[in-house]
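Undergrad: Residues per chain, in single letters:
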Amino acid sequence: MIIKLTSRKTAEAVTYAVLIFILFLFLLPYIFMALSAFKTRLEVFAYPPVWIFKPTLENLKTVIFGHNLIFYLKNTLIICLANTALTLLISVPAAYSFARFRFKFKETAFILFLILQLVPSISVIIGFYQIAQILHIYDTCIVLIITYLLWNVPFATWMLRGFFEGIPPEVEEQALIDGYSRLGALARVTLPLAAPGLGAVVMLLFILSWNEFTLPYFLTSYNARPLSTTVMFYTTHTEVMWGEIFALGFIATIPVIFLALLVRKSYVKALTFGAVKG
Amino acid sequence: MALSEFVRKNYPILLILPALLTVLVLVIYPLVTSLRISTYNWIFGTRWETARYVGLNNYRWLFGGGDYFLGTSIWVTLVYVSCTVLLSLILGMGIALLLNRITRYSSIFMSAFIIPLVTMPAVAGLAWRLYFTYDGFVNYLLSFIGLKINWYSVNYALLAMVIATIWVSTPFFVLVLYAGLTSLPREPYEAAKIDGASRWLIFKDITLPLMKPVILTATIIQTIDMFRMFDVPYIMFGGGPGSSTEILSIHISRVAFSMRYLGRGSCLSLLLIAIVLAVTVLLIRSLVRTRRGG
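Those sequence lines, one after another, are chains A and B.
Under the working numbering, the first residue of the first sequence is numbered 22, with each subsequent residue one higher.
Under the working numbering, the first residue of the second sequence is numbered 421, with each subsequent residue one higher.
Since the hints were made in silico from the structure, they are not lab data.
Fair warning: this is a prediction, and the values are worked out from it, not measured in the lab.
A hint or two may mislead.
To be verified - Keeping only pairs whose Cα atoms sit at most 30 angstroms apart, straight-line, the calculated BS3-like set for lysine-lysine is:
#1 286(A) <-> 624(B)
#2 30(A) <-> 624(B)
#3 632(B) <-> 613(B)
#4 95(A) <-> 82(A)
#5 568(B) <-> 127(A)
#6 75(A) <-> 429(B)
#7 632(B) <-> 286(A)
#8 127(A) <-> 632(B)
#9 429(B) <-> 125(A)
#10 286(A) <-> 127(A)
#11 624(B) <-> 613(B)
#12 30(A) <-> 613(B)
Hey, can you work out the whole structure from these sequences and the hints?
TA: Shown next, in the form of structure tokens:
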């Protein structure tokens, strides 16, 4: 009995050790990047890599004050916030309808949503480029706010449908009896109850828009350039400013990682688009 | 009166209409436009008014052998997609099984695995670009087992791209498969324990069949995603050296934006959509069949 117990304990210790090792390997690229943000130019290229060094704030300073970080951050925030608001405005009624009513072709329409958003971003970029040129919205925040909807609306609708279905319809019926209209009941009863789910969706939408690369790379040049493509312009014909790139990368990833950890459970659910009931 | 009657009757559909219209317009419009642009010779950077109608010339260029790199690009795409999906599935399944065996701190592990998934693609791509240089971080790690590889050569660039992609896609499998494992029923395992079945038998005869729908769904999502992948591969190597890492999405960007043939790029865009659609239909069919069969 005692032998069995100790062998099980060793087995568990081995499992932990293996997991920690794998996790370490997976986090190493990120850790190394975060460390390099505080290295001098020579230390970034040092071989073998240096792990212990006197941290410098030079790179962060250059990125924040020398390269107009605030301007790109402002663009990113405008795009993320406006897109998230617009997505919710469109998706909340749709998700509510999918969750509460029965109508013809409901599931067909729902699947159509999910299939349409499979379109590769690189395949729609030329069409978007043309319309942006014709409407004179190339290199504005507006073109990004609108085009992101293509992926964000189906995603939010799908997520919110799940949250709404988790709220019993009885609570709304009471509100209807009390004299509220359908939309009134949605706003006063269902939405507050769905607030945690709604919050998670907002953060996930924010993460999606914050990280998006392909669309802003081809649809903006300078005026509406967000953080997610700015880093590409630290590579010039003559040099690649690695210290600055890592500093910017560090600044740009920290808020998103923080948000993702806050909504970890919803994040896992979002990954599967409904495949696993977790 | 008539209007309010109409609204009352079609309430549910009116609620989904804005969402449906938004997505339809945002997908259909660029597709129709691409179809139109694909019959024009339009140079990137010039105004649309200057484009010249050329009929089916771009399609003749694409399918008549004018696009020298199409065959290579399709081959590279297939290798890239199958390698990344297969390797990250195996790796992810292994890690998920390990996670399922520990009793404490599993939420900390799960949280940590989110980090590669939400790291900005531009940052991840550039970081990997530096790590794969000759005196870079990857070769430093490999030097412990006596290896030093020129990752920027035709032979190894695709492998480097696969490794960088696996870094992003394995956590996806870990999180999804672990969620699947924790929601499995307990009874079959208790019965197997009483029968004294070996660990391998339990995995093969209980876990794998029960997990089949989850594994298949995750694999389908990931396969479609890999066909659409653009950012990290583009930033790492941009298709080079030569065409050794030129997956279809990068091929499109090269033709449309580097060589500036937007018309030809539109043909290729439509081809990629057709491929993604075909793959989706095939994979979903196989999923439905196994669900019915099992």
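Undergrad: Residue 632(B) and residue 286(A) were given as a pair; does the straight-line alpha-carbon distance stay at or below 30 angstroms?
TA: 22 angstroms, holds
Undergrad: Has the given pair, residue 632(B) with residue 613(B), been kept, meaning a C-alpha gap of at most 30 angstroms?
TA: Measuring from Cα to Cα gives roughly 22 angstroms; hence the hint holds.
Undergrad: Would the hint linking residue 568(B) and residue 127(A) be met if the CA-CA limit is 30 angstroms?
TA: 57 angstroms, violated
Undergrad: When you check the alpha-carbon spacing of residue 127(A) and residue 632(B), does it fall within 30 angstroms?
TA: Cα-Cα ~28 angstroms, so holds.
Undergrad: Assess, step by step, whether the Cα of residue 286(A) is no farther than 30 angstroms from the Cα of residue 624(B), and give holds or violated.
TA: Answer holds: residue 286(A) to residue 624(B) is near 28 angstroms, not above 30 angstroms.
Undergrad: Just to be careful, I want the Cα atoms of residue 95(A) and residue 82(A) compared with a cutoff of 30 angstroms; is the pair within it?
TA: Measuring from Cα to Cα gives roughly 18 angstroms; hence the hint holds.
Undergrad: For a C-alpha distance cap of 30 angstroms, please report whether residue 30(A) and residue 613(B) respect it.
TA: 19 angstroms, holds
Undergrad: Please work out if residue 624(B) and residue 613(B) have their alpha carbons no farther apart than 30 angstroms.
TA: 14 angstroms, holds
Undergrad: Can the restraint linking residue 30(A) and residue 624(B) be considered satisfied, given a maximum Cα separation of 30 angstroms?
TA: 25 angstroms, holds
Undergrad: Would you mind confirming whether the straight-line C-alpha gap from residue 286(A) to residue 127(A) stays at or under 30 angstroms?
TA: Measuring from Cα to Cα gives roughly 28 angstroms; hence the hint holds.
Undergrad: Are the Cα atoms of residue 429(B) and residue 125(A) separated by 30 angstroms or less?
TA: 12 angstroms, holds
Undergrad: Sort out whether residue 429(B) lies within 30 angstroms of residue 75(A), counting only the CA atoms.
TA: 71 angstroms, violated
Comparing the model with each earlier hint shows violations of hints 5, 6; every other hint is respected.
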